[in-house]
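Chemist: Chain order of the listed sequences is R and W. The first sequence finishes on residue 118 if you use numbering that gives the first Met the number 0, and the numbering steps up by one all the way, no holes. The second sequence finishes on residue 203 if you use numbering that gives the first Met the number 0, and the numbering steps up by one all the way, no holes.
Be aware that one or more of the hints could be misleading.
As the list claims (entries may be wrong) - Derived EDC-like pairs: lysine to aspartate or glutamate, alpha-carbon spacing no greater than 16 Å straight-line:
no. : chain 1 : residue 1 : chain 2 : residue 2
1   : R       : Lys109    : W       : Glu15
2   : R       : Lys110    : W       : Asp83
3   : W       : Lys180    : W       : Glu42
4   : R       : Lys110    : W       : Asp118
Think of the hints as simulated: they come from the structure by calculation, not from any bench.
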Amino acid sequence: MIRGALDNEDPDRLYTVTGGRSRADESVFDMVTLIVSECEPVPGMQSEHARILRMCRGPLSVVEISSYLDLPVSVVKILLCDLLDTGRITARHPHAARTGGRLPEPETLKKVLVALQNL
Amino acid sequence: MHSRTSDSAVDAPLRESASDGLKIVIVGGFGVGKTTMVQSVSEIRPLSTEETMTQAGIGIDDASFVQHKTTTTVAFDFGRISLDEQMVLYLFGAPGQERFWFLWDRLFSGTLGAVVLVDTNRLADSWYALDRLEHHGTPFIVARNNFTEPQHTLEEVREALDLPPEVPVIDCDARTRDSSKNVLVTLARYLYSLSATSAVGSTV
Chain R
0 MIRGALDNED PDRLYTVTGG RSRADESVFD MVTLIVSECE PVPGMQSEHA RILRMCRGPL
60 SVVEISSYLD LPVSVVKILL CDLLDTGRIT ARHPHAARTG GRLPEPETLK KVLVALQNL
Chain W
0 MHSRTSDSAV DAPLRESASD GLKIVIVGGF GVGKTTMVQS VSEIRPLSTE ETMTQAGIGI
60 DDASFVQHKT TTTVAFDFGR ISLDEQMVLY LFGAPGQERF WFLWDRLFSG TLGAVVLVDT
120 NRLADSWYAL DRLEHHGTPF IVARNNFTEP QHTLEEVREA LDLPPEVPVI DCDARTRDSS
180 KNVLVTLARY LYSLSATSAV GSTV
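Produce the entire structure from the sequences given, and follow the hints as far as they go.
Modeler: The following block contains the structure:
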């Protein structure tokens, strides 16, 4: 592991961060949804919200935000729901995913293949 | 917990135009080289995070009739490759152990495909992962990471794992970028061929 595990995480901290909510409409965000800030943090804002807004001045994935914040993915999704609901971020959802057991179009996968070959 | 000095200092920012995140998962037992492979090809220093899930226990405590709640926590590493102006490929190194699969749907739905990284001396470690990937209908290839001179042919590996003939089985050295890149290219080529075949099939 690159960093210390969250195994010793204080549950109270997670409770506080999310205001006691344990579930968000998580389906809104994939782990690789890219988040972009639409505004700067303002005084009085919850610190995690402010940190996300600073991090996402350029696009950044949900899973990277989770790693940088040292918070589980599901907790980050709850925080992102707050910011999305208030228009402070926008979300770029993945298109090239396998949905309903079907792979993306061959043209998309061809692009992936060529890009990897050209690395 | 460590703290970062500045949140705005994201290690390597994505292109402004980045808009489409893709997922590939590298599954394998402990010490088989998942993190090494992610590290070899990632454009960022590999990161790690975790996911937790609370679920009601399956069993009921006979003595108290109190139903348990258990929290499943899974940690995983990941890296990233920008493919073009829009597409960003995320590579996840995931432990193949049982509890991990509880979180598969939540974390890895939409994954294009998987690399099952195996160590020939511990092939049995990968049976469960192969079974689960088949269950989830996730296309996969098998890559044997050679730390030492292999004792078996790839055909023997294919037989031992009871793999269908169309599933690619290759050798790799997860420590080198070229070899790890070749593994991803092999998976991408396989996915492309599957997609092209089904596209043809669906028009008939």
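Chemist: Tell me if the straight-line CA distance from Lys110 (chain R) to Asp118 (chain W) falls inside 16 Å.
Modeler: 31 Å, violated
Chemist: Just to be careful, I want the Cα atoms of Lys180 (chain W) and Glu42 (chain W) compared with a cutoff of 16 Å; is the pair within it?
Modeler: This hinted pair holds, its Cα atoms lying about 12 Å apart.
Chemist: Would the hint linking Lys110 (chain R) and Asp83 (chain W) be met if the CA-CA limit is 16 Å?
Modeler: Holds, at roughly 9 Å.
Chemist: Would the hint linking Lys109 (chain R) and Glu15 (chain W) be met if the CA-CA limit is 16 Å?
Modeler: 23 Å, violated
Of the numbered hints listed earlier, those contradicted by the structure are 1 and 4.
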